[in-house]
Amino acid sequence: MTRRPGVGRDARTPRLRPLATSAALAVLVAACGEGPRDAVTDPATPQAADINWLWSLSFWMGTAVWIVVMILLAVPILRSRRTHDDEPAEPATAIVPGRQPPGAAIDEPMVAADPNRHAEARRDAKVRSRLLWIGGIILPVIILFILLIADGRVGATTAHVEREGELVVDVTGHMFWWEVSYPEEGIVTANEINIPVDRPVRFRLFTDDVIHSFWLPPLHGKTDMIPGQENWQSFVPTQTGRFRGNCAEFCGIAHAQMVVWVEVMEPGDYDDWVLANQTAPDAPETETAIVGERVYFEAGCAACHAIDGTAAVARVGPDLSNLATRGTLAAGIVPNTRDNLRELIVDPWGLKPGNPMPPTIIDDDELDALLDYLETLQ
Amino acid sequence: MAVETSRTAAPVTDTPRGAAMGTWALWLTIIVLAMFVAGLSTAALYLETGPEPWPPDEFQVPGRGPAWLALALTLVATAGATYALWRIKTASRRLAALSLAWSAAALTGAVIALVASLAGAGFRWDEHAYTSAYWSLTGFVITFMGVGLIVLAAVLTQTVAGLVDEHRHLELTNAVIYLWFVLVSSIVLLALVHYLPAVGDGG
Amino acid sequence: MSAGTSRPTDTELLDYVWAARPGFVGWLGQCNHKAVGRRFIFTSFFFLLLGGAMALLMRTQLALPNNDVMGPDGFNQLFTMHGTIMMFLFVVPMLEGFTIYVGPLALGARDMPMPRLNAFGYWVFLFGGLFLLSSGVVGAVPDSGWFAYVPLTRAEFAPGLNLDFWLLGVTMLEIAGIVAAIEVVTLMARFRASGMSVSRIPIFVWSGFVASVMILFAFPPLVAGTILLELDRKIGTVFYDAASGGDPLLWQHLFWWFGHPEVYIQLIPALGMAAAIVTASAQRRMAGRTAFIASLVAIGILSFGLWVHHMYATGIPLMATSLFTAASFMIAIPSGVIIMSFIGTMWWGRLRWTAAMYYVVGFVIIFVAGGITGVMVAMVPFDWQAHDTYFVVAHLHYVLVGGSLMPILGALHFWMPKLTGRIMDERWGKIAFGLIFVGFNVTFFPQHALGLWGMTRRIWTYEADLGWNGLNLLSTAGSYVMGLGMLIFTINMIVVHLGPKPDTPDNPWGAESMEWATGSPAPNYNFRSTLQVASPEPLWDGESMIGAKGGEDPDPPAWQRQLDRPETGLRQALATSGLDAKPDHIVTLPGHSLWPLWATFGLGVGLIGVLLDAVALGVVGLIALIVAATAWLWPGVE
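Chains as they are written, first to last, in my numbering: chain D, 1 to 378; chain S, 1001 to 1203; chain L, 2001 to 2638.
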């Protein structure tokens, strides 16, 4: 007689709960590292706060549901520890002569393999019925209804609408940088956006090539930039700070290194920033900077990068008029330091593989002069 | 529904009820092809419902004459094949074969009419989504008809060779059902490319 | 046929008629459902391991910030192929393989209704998989994601052959899926054992049927969409080019019309597998059996109304997207009924703790968590935050691994005796389960947090100062544990097949459906006699079944004698009809045929011609396909 697996002395109930607990603990331990920079759970606008509220509600309700289901699952698992020792030894396929065949009805009576257990199987009919009706239908309907109402409410407050007194900023996604323009203020810049606090802002989102997605978690959810479409993202920033976001729709080889920064400033600082950017950068004054401006044109930078107030007007790549005031380079991925800028110019592909910008072949003196010039651009 | 017996199906009871495997396979394939046509149609409808005029002003909707001719010929072909099926059930194999040949000729004419309509369209497939849809949807109709021609040729050969007769003709039944599908889907697809554009643009 | 003058027994005759022809050609030309089913199962298992290895490589790269295990092109190819292999080459073919192998046995049939079509489905699947993998040989591996959004995948942004490999390979795999679906629908409609009314059909067969009907409606529009994109790439049509009147969102609509039902196509047969395992383990009928089956059907239908929930961030107005939130919520109800049904079946606590049952418990734990995060991302404002981040990656792995992989691994344990006559080691099976379960949770649970902390999908590296380092490292560690578990599972599967074949009982688990009423592995002819049933659990109600060992029909009609003793040498099966499955007619089935293989070559050569812009090759392939298909369908027995 072959021993059927799962029966007898070595049938063990699964040691799942201790395993699951240790997994959860491991997660907590790891999570107690450094905190995240820009989290959905650190909202800086009422819109993001509403979404965060919706997340919290669904998280707690969801956790409660999962725990309840796990408790229900645990009941039979625990019960099975007590009942496994009195299993019959014969295989259930033995045809028992003289036994009555069951009725043709499908759900009544409840059938078990061992005819001696039919009565026992029928005994938990009420529990099964309650599980299916209450656990499977009634409770889920109630929970989902609550969530649907909460979702509707948050949907209304987070919709991307025009607001009175708003600032309109146009952002166009490129492979792999962000073109930013303030239509009313007449400013064109790239990769870093400055907006005033407590004033509604509406981003009009476009793209020049493939689908990108504009996303700063503490400010609002993401909105795709789709060719041929104008999409909006609008919110009211209520906290100052510097916020960071990755492009959120796979757009090609350097998708991982297309980062946008939004700085929310006090109104006074913002007005100063607008004024500074509406005027062209001053002409270079030091000797190296003057040489650098010449290098800028001779080395081919002007073929792609525009600078306000000069003969460089091409818009293939980011506008560099306020390059010196930016915090980052190469679409937000490295700090704006002289060394990083040097590397970006001579080895853009090492810094950012797939960068459409080609390396610039230039000797060290000219490079230093160029860097001096670029450091004057504000 | 009486069972359509084939070479490989032998009734067990006196009045078999179910359809043969080949019939099931064909109807399920028709569902698949219909969903494919639905996908194409939805794509064309989706593209049409944009803010710009469809077709854009620089294109003229080509004349509908060839499309009407093609549909008429397809109707003739389908009717001919249906007639052939009717005749074969009454053991008139010769009439059935003639009818199939006539049907194939009509279908060939339909294909030629559609190819001519493409040649005379006045635009290429790569100029606008409208022209892409015009060329592609017409091209798919031509493809369905082409498959229909191959099927007709095979069944005609089988009829002439006596492999298809009054006792066993599942192949012919399936061919007829397929041709009705070709007719219906041609109506849908050709209507989309010729009647979707706003009334008054050429034609 | 036994030599000499003695008359062969029924069994010997059946065995001879239903055996494969000798030699390599005979092996190649097998159309019997058991051969085709086994091929699907073991080929897709190989693809599971391949896709898993790709995942381990990706996690290795993401373990540390600014890591340089590989560059962006390698990483982009890996995530594309990981997704494509798992979605198209593993889950659906594996489920099809089990449906093809177990389905006829569970229904009491001797084969699938159209064996050559069945074999064709396998060859097209194999060719499609090899076609996709061959992109690596020529250095043009697809690298734009498993859903290949336009315009990134149009010729101007993806100029190489990479996306052509993807589009044409996926087209072949869709054809394989559609073909299998046609077979399974016909199987359940016509090939049931006499007396197996609709209410008596096993749950696993129901689940295969529902998934197959879904395939018939979900796959063709994607075939249309992929053909349109391939036309865009090859001849310059502009369906998806916004500048010329096309629309990139059209691709997303066509893709997700397929894509959403696809994940339920992947779930539903797995639910059927888990149901088979749990009823055998609990030794009782499924609690709420009718409600369970009705829920499978409800999920199948509802799943077609959800597709826009993958497009919430594209600018579609909130009013429209909210409809899809409501629909996505609705599908949680039948899913809840199904989970409660599982728990209700287990409720009395008389459970046999086989390794397969462990996987069912793992499925409930993980899938419920995935379903809950699914309800979260169904809400538009929250999805605006979670979409395209690691939160969604976590969600999709919870539902796919919990809902599909767990039941599949359990099914391999459960049905292995029937597939090959070997039983996988239970102890190592449980160890593997523990490692996979723990490893999975350690890998993917932290990813919910990573997503909410701003980590987007499909990035090959990340900066060191974003706060993502610890959880990424933890996630990678978990992936290695899960990989170790899969390795142990694989070794277990291989090792039990070494050495002499043991004497495996017909029904080692005490299960209730008819595949367990015959030998392990199932003999060539499946069942010695034509079966009649009168119960949903034929093996638990011995008197309800006629034809199994010990309960033969004392006076069979002539046609049944012909079926059970095929003196004509032909393979014949009984087609039953109607809701009550009354005997209807005898079908003669082909046994050996190479036409499906030739047709696949024709199709494949034609598509290679399209890939390489080689018109001559394309025409040759087309002609070969037409010739093979015509010869295949030509009247005649074989």
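It should be emphasised that the hints constitute simulated quantities derived from the structure, not laboratory data. These figures come from a predicted structure and were not determined experimentally. One or more hints might be untrue.
[To be verified] One-sided excerpt, in silico: chain L residues whose CB lies under 7 Å from chain S:
#1 P2113
#2 M2114
#3 I2182
#4 V2185
#5 T2237
#6 A2243
#7 G2246
#8 L2466
#9 G2578
#10 D2584
#11 I2626
#12 P2635
[Said to hold, decoys possible] Listed below are several chain S residues computed to face chain L (Cβ distance under 8 Å; list not exhaustive):
#13 R1017
#14 L1040
#15 A1043
For each residue, glycine too, the CB sits at the ideal point set by N, CA and C.
Against the earlier hints, flag every one the structure doesn't satisfy and list their numbers going up.
6 and 8
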